Amino acid sequence: MTRILWFLRRRVGRALFRGVIILLLIDTAFIFLMPLLRMLSTSVMHVMDLYDPTVVWIPRRWSWENYRLVFQALKYPLSFKNTLLLAGVAAVLQTLSCAVAGYGFARFQFPGRDKLFLLVLFAMIVPPHAIFIQLFILFKSLPSPGFITTSKNWLDTYLPFYVPEAMGMGLRGALFVFIFRQFFKGMPWELEDAALIDGAGPFRVFLNIMLPPAQPAIVVVFLFSFVWHWNDSLQPAIFLSRSELFVMTQRLAEVEAALADMRYRAMWGTGAIMTAAVLTIAPLLVLYILAQRYFVESIERTGLIG
Amino acid sequence: MRITLKTYYALTGYGFVALWLVGFSLFMLVPLIRNGIWSLTDISMKNVGEPLNFIGLDNYAEAFTLDIEFVPYLVETFRNLVIDVPVILAFSLAVALLAMQDVPGGMLFRAIFFLPVVIGSAAVIGRLFSMSGGQLVLFRGEGAQHFLQIYLGERLPDFMQFLNRSIFVLWRSGVQILIFIAGLKSIDPALYEAAEVDGASPWSRFWKVTLPMLSPVMLVNIVYTIIDSFTDYFNRVLWYIRLVSFRTSLRLGYPSALGLIYFFLIFVLVIIVFTVVGRVTFYRGER
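Same order as they appear, the protein sequences are chains A and B.
Take 1 as the starting number for the first sequence in the numbering used here and just add one per residue.
Take 1001 as the starting number for the second sequence in the numbering used here and just add one per residue.
Calculated directly from the structure, the hints in this document are not laboratory data.
Careful: at least some of the hints might be erroneous.
As the list claims (entries may be wrong) - According to the in silico footprint, chain A covers these stretches of chain B (three or more CB under 8 Å from chain A):
#	region
1	1033-1044
2	1066-1074
3	1092-1102
4	1224-1235
5	1265-1276
This one's a predicted model, so the numbers in the text were calculated from it and none came from an experiment.
For every residue, glycine included, the Cβ atom is placed at its ideal position computed from N, Cα and C.
Isolated chain B (complex conformation) (with noise of 0.2 Å):
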């Protein structure tokens, strides 16, 4: 049989994602749609390989109503969200803009900035923050202490609190950077000379070159952001879930469901992203 060169190729490109395509399939598909049926049965560790006793959409219907956990952990994980993400794309655009200036030592920098990406792994750097002596990493001194007492009185450790928490996700944005300064990169050095003939000043030269252009990496980020949030380590619905499947209770159905919420969520917000923010993103080639 003779084929065309075009069949060819696009056999060939079958051939090279062919590998991917059944690595997805065992390893993520059928485990979530299995998932799916399990979380409308009642299975349980004792039970796995009977024939499935399916209950409906009660394990749904007790994560919203019986279980006095799950829906504060969730309501948590988004409050978090909405406050992480504009500062980690703030921090993170700041540092890549800084980065990207040249003065002596900059590679020196750029190091010690991709430094999270690196060894910040949330289990290790976490155990600063999630240790009761929190507040040494900020203020060992005696001193310090009594002066911030003295001005925030019982708010201290709400204070304390915040700024673990603002230092730790500062720690998280280390991707965020690498990819704003990729994307500053690719940015045609003609359009800042037209814009500056022009003349433009450094601040709308900002707003008005660099914002725009950096907006299809944006979505990327803010994206990622999203999503490395919704599987942080210390995010406490994954920590409840994780509780339910392995050690207080033998019920496989019920955490199932709980994973299956949760990815709705998360499915259902990176589509809203991408819908209203891919809105006013700018791509160059477009029209």
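Only chain A is shown next, with the shape it has when bound in the complex (with noise of 0.2 Å):
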């Protein structure tokens, strides 16, 4: 009888538990969606449903005047071709760059490659604030090449956006060096050794053996370099004045600006403030929806600690 109920109570106690494993996780997961959902559910109400306390979440009147508007002051075709010039394009070349370091550091043995490496630990604590005023020097100094005729030095240009990343520095570079040296630390010798034997270059063996199985972090550091770049908002700000190649984040704050004092006078703002939200990271929403099932598993497979 004793060992009944003890069964029993167990079996009550483990699905007690499930449900409440299960009830945290969706606390914490509307936590999270929280912000999305009333971001978006607040750019499609109306000016009058804003200010009616009964309506909280659901608009009464729906409005899609919110997004009319904010679609022309962020000149939206326009900034999202140049946001994902910029962003794609130095993404591409951080993930390839860093991945080229980080493959360096985690499988050779050179004389002073554990003090090299210390300096990508020091460039990941660097804030971009402790150097910009030399980059701006720096990039106003550098003539533009032959190609671009709208500026004559780099400023004004997306060369700042992509010569560093180019080189495995600019937006968290080093951190991303990190991660991929990490990754292939974690990778097994024996693929490497047959292909050498073989008669494969260093370079080749690279690009051929370890690069393929080396994905998931490929994907992750890809992933977190496009959406860094795209939600960056310092050094556009300070690299490009001409409104032609203004980023998303830069139309975001001139539409902020444009608002400022007249929040003061209207709710109208707030609406328009986070249609303008929503439109700015509604494309990596979208990319993230499609490739969301490829991102967790990969990673749970990058094995982010060596």
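Once you've looked at the hints, go ahead and assemble the two chains, each given alone in its own frame, into the complex.
Here you go:
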């Protein structure tokens, strides 16, 4: 009898535990989703609804007016194209160059390697603000290559986002080198050894043998790099001043500045800013929904910790 | 000339990291050094290119004495850091543990938890919190407001700010969750089995197996969180440096000094964390 009771208690305990876990999961998921949902719901509300205390999540009067106006104010097609160009190319270059450097640090013995790797860690903690004046001066002094006719120097071109990235620096480049190094360190040596014995050169080994299995790390780094470039508002604000080159975050700041004093007079500004925010991250959301399954799996297989 | 295989590999190794080293020198080391030199001068936008006029440590002295804004911002940053780091770490560890549970729809939950990494750009999400309607996020219904007003009275705005901030903090823990999950996955299941056979309860398994095995990951996460807070979009020091650099004055020496002071503080803090936390970190392969 006591055994049956014990067994029952255990069963009930387990079920309760599971229930609590699921409840907690739903709760946490809600915390994560709430700002997003709030943004979406506010953006489609009519101004009247914003004043109406009985309207909480679902608008009583739907309004697409915000989207129409903000779409124009953001110059959406142009800034979308610009941001895609900037973030896309920068992310591709950064992923490649960081993979190369990470592989070098992970798989070769050379004098001073560990000291040089300390530089990677060092680069991770330098805040961009400690050097951006110098970078501004540097890019201002560099002559632009012949094919760019609109600017005499590197300012007002996308080169400040491409060239450092192509060398494994730029936005959090050192972090990506670190991730790749940890990943490559964890990979078995057998494949490499076999290829080397078969007479493949080191670069060939890297390209044909090591890169394909590194796909999870590549996915994670590319996505991070793309997203962080897309969302970066510091560097574009410093290096780009011509309006036809503006990226999304710059337009967003413009819209916000334009609405700044209006906000005191009307709730209308709230809806407009929410709409601008939704439109800015909408492409990332679509990208994430498409790549989500792959991304989640990749993270679990990256073995970020070697 | 004949070279040994070892030398050949060493040279190839240099070849792989050479590009990064060049990039590091060009876009970080040289700017940092030049920044250090400029911080000792009174250079401004108007006389860039002219011979530098050294004024010693005046810029640094000004930051701590004459400037009435810089030090309060610094203090605020450190205060936030002390609060944020434990909260973010505890929260992300809890979420990582939750996300590891095998429940129906686990994949969906994990996808949601990684959402902040992908779209959690402070620049955008932050719009929600920086706005006057910050409390909109939590309680839109007037009822809740009145209810809280009764209990909190004049402290309501503080409370709202606290709530907003805590949700904002939780939103910044995406990468940390991800690192914890990777760390949890790398723990050898045999350790749990052994503990279970020895009769350890889930509670003591967490403290005696999970946490020690997770300590290297914890170190990584602490350092990442510190760096992340220091370069956060809403960090007031950074806003201030940016403001001084490009708006209010044409001086360049002074913001250079501010940037360096800030960097130096981060550097010292990270070193301290490494030595203190590194001492209690447990590596399984070590004796």
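Here is what the structure says about each hint:
{"no.": "1", "hint": "1033-1044", "result": "holds (count 3)"}
{"no.": "2", "hint": "1066-1074", "result": "violated (count 0)"}
{"no.": "3", "hint": "1092-1102", "result": "holds (count 4)"}
{"no.": "4", "hint": "1224-1235", "result": "holds (count 4)"}
{"no.": "5", "hint": "1265-1276", "result": "holds (count 3)"}
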